[in-house]
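Q: Okay, here's what each chain looks like letter by letter:
There are 2 protein chains.
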Amino acid sequence: MNLRQIGEFGLIRRIQKKFPARSSSIFLGLGDDAAAILPSPQKILLLTTDSLVEEVHFDLSFSTFFQVGYKAMAVNISDIAAMGGTPRFYLISLGLTDQTPQEIDRLYRGIQKGGKEAGAALIGGNTAHSKKTFFVSLTLLGEAPKKEMVTRGGGRPGDALYVTGSVGDAAAGLEILQKGGRAFQPLIRRYQAPPLRWREGRLLAERRIASAMIDLSDGLSSDLSHIMEQSGVGAELDLNALPLSTSLKRYALQTGNDPLKYALNGGGDYELLFSVPRKKVKVLDRLIQSGAVAARRIGALVHKKRGFTGRDPGGRIRKIEPGGYDHFRRN
Amino acid sequence: MNLRQIGEFGLIRRIQKKFPARSSSIFLGLGDDAAAILPSPQKILLLTTDSLVEEVHFDLSFSTFFQVGYKAMAVNISDIAAMGGTPRFYLISLGLTDQTPQEIDRLYRGIQKGGKEAGAALIGGNTAHSKKTFFVSLTLLGEAPKKEMVTRGGGRPGDALYVTGSVGDAAAGLEILQKGGRAFQPLIRRYQAPPLRWREGRLLAERRIASAMIDLSDGLSSDLSHIMEQSGVGAELDLNALPLSTSLKRYALQTGNDPLKYALNGGGDYELLFSVPRKKVKVLDRLIQSGAVAARRIGALVHKKRGFTGRDPGGRIRKIEPGGYDHFRRN
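Chains Y and S, in that order, are what the protein sequence lines are.
Under the working numbering, read the first sequence as residues 1 to 331, first letter to last.
Under the working numbering, read the second sequence as residues 332 to 662, first letter to last.
So that you can see chain Y by itself, here it is in the shape it has in the complex (with noise of 0.2 Å):
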């Protein structure tokens, strides 16, 4: 069986049974010409689309089928939780080639883990057939109270700058399996599945504890700067604090390269970078201790004129560049 054989309609049946609508604030699911939901009274409404490409995001060599769907919700995810939203909707947007039935089911399966771990339900989507280019588009709806918003605009000098988990992972991990290599497991699968880190985002917008907030996509560095550029400020890096995970220091010094090299350029570890008012770190630092947040304080917020810096192990300050991924850029 292709998907020539059970068509279009025949694939939006089967999603349909996999996909049951059950939250009662979806009026309509999957299957008419639009979906219908009753947002949440007297909160904002965040929404977010971002896509994989196939050869430019993801490698199916590199990945599985249930690892792009995966990806795929975790990308939009890390969107929703770096504004301190609750995950709630989405929509999937698909450019088939000549992938299998069964491979499509996969590819949703991973959708849908992502999409159920953070507790939010597919509601549309829309399948297409693309000629020569496969892609899965998502759109994320989440909510937040008003008030509770994060942007990235909100950071002011002198306040502390964190980031959660690890960072460098992501981009190790691409480049071990770029070079045909297996070891260092833990720096491919986060590169193959993101941390999903909505909770955080959450906690940290729910205290009131983050006054700008992004999550790492691009780089530390080039998502830094979109912080310092909303918010009108600078930023010191103290480079020695950057948290680098034991898997990442030993696959550096296995290859002989600097580990800041990918923790400060690397795409792809959808961690969180959030800056914090000084009267705010206690409480922080209180909620790290009891484990509720993984974060670690890596830097602070400076007057715009000081630009962006770091001070490296040594203790001396260098200038830092704004080097991440972009996409028309670099390839």
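For the record, the hints were derived by calculation from the structure and aren't laboratory data.
Every clue listed holds true.
Only pairs whose alpha carbons sit at most 27 Å apart, straight line, appear in this in silico BS3-like list of lysine-lysine:
| # | chain 1 | residue 1 | chain 2 | residue 2 |
| --- | --- | --- | --- | --- |
| 1 | Y | LYS43 | S | LYS478 |
| 2 | Y | LYS146 | Y | LYS280 |
| 3 | Y | LYS179 | S | LYS463 |
| 4 | S | LYS374 | S | LYS477 |
Given the coordinates of chain Y, work out where chain S should sit on it, guided by the hints.
A: Then chain S, alone, in the frame of chain Y:
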């Protein structure tokens, strides 16, 4: 100047300048991790996503970038219209291959024109590099009062069946372009720029005239079969009553084809097909006579066991097989 020079963030800044967020219900437009809106209280939110893929849904030798953009918006507006909703907000997800910034500007201007005509505002998006296939995927949000939403499933035996505008033109227009023709411009224009019927859809919903509604994307016979399936009914079309444009009749005469072939099976018209309970027929006919809605009665819904038939111009009843466009079966 090309995309590699201005980069992804340069592109985002260009778009931000062209699309300043103006609505008071938009908390946060382009340029953060997610957009934030405040939905209207007491209304349901309608959501649809539809994409246009190069070489499948459009051919740049048949349509300009502006027309591709306009059509990408039109097909999404059509979905919201078919639910009886008012278009409000949209997100754009692009997969770009080697388009110039000027071409992308034209694409955005086409999207913007469609959005403006329907009162919808751009709130977010994503721009990705795509190796081989250029695609435009839009997610459109609309609103409707809870009790006015029209689905595909509300039709009952005895309801009259109506369609807006004319049918078959877009398929004939595409056929002309594929043969390299330039005559019959009205048909070509119908393929390049579908009509926006959201005002009609809204009126039919507000006055509770339509019991079921769908937009004609795949073709009349195919789209009607969705109403039949979801309403649990059959249908009898009066084939003599199908609204055929003068251009289509002349084109069919010239090529020796049956114009009903285009009208029944041709996709891409983006008209509204809807059923009307008997007691509402008079109200609708008055609206049609006053010019408020351009629609024509083309048959009726019947009991399911009578299936899908058409009364041809000679008065004979013949069985109709849904024969519209299915992405995977026909490619």
